[in-house]
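K.L.:
Protein chains in written order, with the numbering used here: chain Y, 1 to 411; chain B, 1 to 411.
Do not take every clue at face value.
Identical chains share a label here; the pair holds if one copy fits it or two copies do between them.
Once the Cα atoms are required to be at most 27 Å apart in a straight line, the calculated DSS-like pairs of lysine-lysine come out as [stated by the list, open to error]: (1) Lys-253 - Lys-194; (2) Lys-183 - Lys-46; (3) Lys-48 - Lys-63; (4) Lys-41 - Lys-396; (5) Lys-404 - Lys-36; (6) Lys-48 - Lys-152; (7) Lys-68 - Lys-396; (8) Lys-68 - Lys-101; (9) Lys-146 - Lys-49.
It should be emphasised that the hints constitute simulated quantities derived from the structure, not laboratory data.
Number of protein chains: 2
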Amino acid sequence: MDLINSIPTIEPNGEPSVLQIIQIIMLNFELVNPVKILFGKGEIAKIKKHIPNQAKVLLLYGKGSIKKNGIYDQVVSALSDHAIVEFGGIPANPEYSILMKALSVIKNEEINFILAVGGGSVIDGAKFLSSAALFEGEEPWDILTKGIRTEKGMPFGTVLTLPATGSEMNSGSVISRKETGQKLGMGGPGLFPKFSVLDPTVVASIPNRQLANGITDAFTHVMEQYMTYPIGADLQDRFAESIMSSLIDTAPKLIDNPSDYTIASNFMWCCTMALNGLIQKGVPNDWAIHAMGHELTALHGIDHARTLAIIAPRHYAYFLENKKEKLAQYGERVWNITEGNIEERAKQAIEKTESFFHSLDIPTRISAYTNDFKNTAEKVSTALESRGWVALGEHKAVTPDAVKEIVEASY
Amino acid sequence: MDLINSIPTIEPNGEPSVLQIIQIIMLNFELVNPVKILFGKGEIAKIKKHIPNQAKVLLLYGKGSIKKNGIYDQVVSALSDHAIVEFGGIPANPEYSILMKALSVIKNEEINFILAVGGGSVIDGAKFLSSAALFEGEEPWDILTKGIRTEKGMPFGTVLTLPATGSEMNSGSVISRKETGQKLGMGGPGLFPKFSVLDPTVVASIPNRQLANGITDAFTHVMEQYMTYPIGADLQDRFAESIMSSLIDTAPKLIDNPSDYTIASNFMWCCTMALNGLIQKGVPNDWAIHAMGHELTALHGIDHARTLAIIAPRHYAYFLENKKEKLAQYGERVWNITEGNIEERAKQAIEKTESFFHSLDIPTRISAYTNDFKNTAEKVSTALESRGWVALGEHKAVTPDAVKEIVEASY
Chain Y
1 MDLINSIPTI EPNGEPSVLQ IIQIIMLNFE LVNPVKILFG KGEIAKIKKH IPNQAKVLLL
61 YGKGSIKKNG IYDQVVSALS DHAIVEFGGI PANPEYSILM KALSVIKNEE INFILAVGGG
121 SVIDGAKFLS SAALFEGEEP WDILTKGIRT EKGMPFGTVL TLPATGSEMN SGSVISRKET
181 GQKLGMGGPG LFPKFSVLDP TVVASIPNRQ LANGITDAFT HVMEQYMTYP IGADLQDRFA
241 ESIMSSLIDT APKLIDNPSD YTIASNFMWC CTMALNGLIQ KGVPNDWAIH AMGHELTALH
301 GIDHARTLAI IAPRHYAYFL ENKKEKLAQY GERVWNITEG NIEERAKQAI EKTESFFHSL
361 DIPTRISAYT NDFKNTAEKV STALESRGWV ALGEHKAVTP DAVKEIVEAS Y
Chain B
1 MDLINSIPTI EPNGEPSVLQ IIQIIMLNFE LVNPVKILFG KGEIAKIKKH IPNQAKVLLL
61 YGKGSIKKNG IYDQVVSALS DHAIVEFGGI PANPEYSILM KALSVIKNEE INFILAVGGG
121 SVIDGAKFLS SAALFEGEEP WDILTKGIRT EKGMPFGTVL TLPATGSEMN SGSVISRKET
181 GQKLGMGGPG LFPKFSVLDP TVVASIPNRQ LANGITDAFT HVMEQYMTYP IGADLQDRFA
241 ESIMSSLIDT APKLIDNPSD YTIASNFMWC CTMALNGLIQ KGVPNDWAIH AMGHELTALH
301 GIDHARTLAI IAPRHYAYFL ENKKEKLAQY GERVWNITEG NIEERAKQAI EKTESFFHSL
361 DIPTRISAYT NDFKNTAEKV STALESRGWV ALGEHKAVTP DAVKEIVEAS Y
């Protein structure tokens, strides 16, 4: 139950009914996304207009890079007429115990607006705080373990400093807790940011490793919503293919020259559109790669995006029969693969995908990250099973046994 | 001033600054779209959950086709617990004098929620009523002539019965007034529907002529936001190309079999995505085709979509030099035109576009619609000039003289 909540759907992501699968038709859906995007150089200055004058603002950030790259100064300058309390130090996988300290600050200081300045982790942390600040139960961790939907949260906005997760334009969040070894999801209509500033000039100061992770994360987000089975949702398919093609074109240029505004703009917008709810509507979704990937992060501390690059090629190879039509379509439209039958084209598409990750200097084997992987497959499978999962994926075909084989093939 | 408001932008559509044009970079933008989409067969039944229980609802519709195709029954059945007052008879170009009668009903009956059941005209009419119902001035027509932005309107929802205009997911509206011969636009953040139901089964009962118009309208909406000059907004370009490619694929199948749910679904979603604000953000927009087209409708009563099909090929031929890069890119990516230099490919792309309209049985010459066109070019040019226009289009290069030549070339 935990992990399905970690999929940042905007509304419960309706599984296809049996009837719909048989008919192969677009699935019914609800779509709403009220986030106001402020995109472009200099837009940070506008946040003062979007935060109530009388608000007392918690300025939430990470490890302090915003103090080096000038973003902190821009934010503080924009909010010179607002009352601000700072809370820094949110780590890469937003940690519950640290967020609980921020929650104390919110209560003690009577904060009524949260401004997240950072990447997906800081924004996800702000979403937890938004929910926890108005939570009436005893133990805010229940929001995650009991899958409590947040209908109303404390209002918050974001200034994105690291394109990757799409959290700036969706209502999902993933929170980690070291004490219990858990990494759980939460969400709900109350967790959309009021606004998100996307200023592409922030990209110039991001290290290459994080840029490569961002591209890989966004790319895999698209694949999770696309690489299932064809149901004739032509426009959703083309939009997904557009984001993947654009990321592939942009990636080498971005690594080469992250200061180029045009390249940075496109990278940033692709990452947001990859997981703002649009392309997932009306189509089956997978998300099993994320489920397995989260466990690899929990077990070995591998960067989230890199766990996806490890699992994706093996997952698609294992489920080739189920996914070959979409893999072949992706191969043709995104990679120009036109030779061979459907199965052969599907296999070439998987190879192209793995090569793409390699081109970003991202190893796609667990053994590249740790020597201690002998029991990883067993552990991932057991961990997922212990969370009540019987099976994952668009066909519920990712059983514990399948998980074990996929992870083992990833060594 | 009127016509620029008739472009259904969500926020004022920032013209590129000189600096931005020189640098050829993605333009700054704001994007927000709070409309809740309920997509799929059977979704009409859900509207009761989205209209307050105590609301007194004005049920607004057109010429009564909804009473023949079963949609009226579904709506009334869904609202069996709501107080409803009906107002039918909204014509194809929503007419001010008729809307003023509906406004009297709203006031007399103390209506507080409007439900538009129809196509773009009924929805545009509902938007006018939403604004006029809360308007504090003497004369609601001022909203249109004085370009008054609607910050807050009476809440309204829509049940779409004719995919084409995209009005169901944007905040713009175009209203006609026979008495003065005007066709003017209005908009503002208060004019987003609270919800819009898109049930593809409604498509089955739409006559071929309206289906062809819908495809042409949506297709031209995309072109107006795309066919300008390249600024490196790669994802927006690809999204626009996706909608155009999908409409081209879908068109013949739709005309052949509008009862096919998959085809109808894709048609419907393409029309909505063509003008919900997404693809216009960050890029220059044209909209001169619409400006000229509106005048042809006003002068000769030609269907809106058909005026666009008449003007577009001539507009692009006239501005070939300004637009050739995007025309060639469109030609290559959407029509697979790879032979010839940029100018030659651009010309082929224009020919393909006109042939596409012809394939839908849409004539692209004014003479196919009226014999009385001798002074049309002069009249269109004068009419646009009389509205205070000096020049239209992304470069402000569509001067009155250019308008005259383009319309004359369309005879």
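K.L.:
Starting from the hint list further up, note which numbers the structure goes against and sort them upward.
P.N.:
1, 2, 5 and 7
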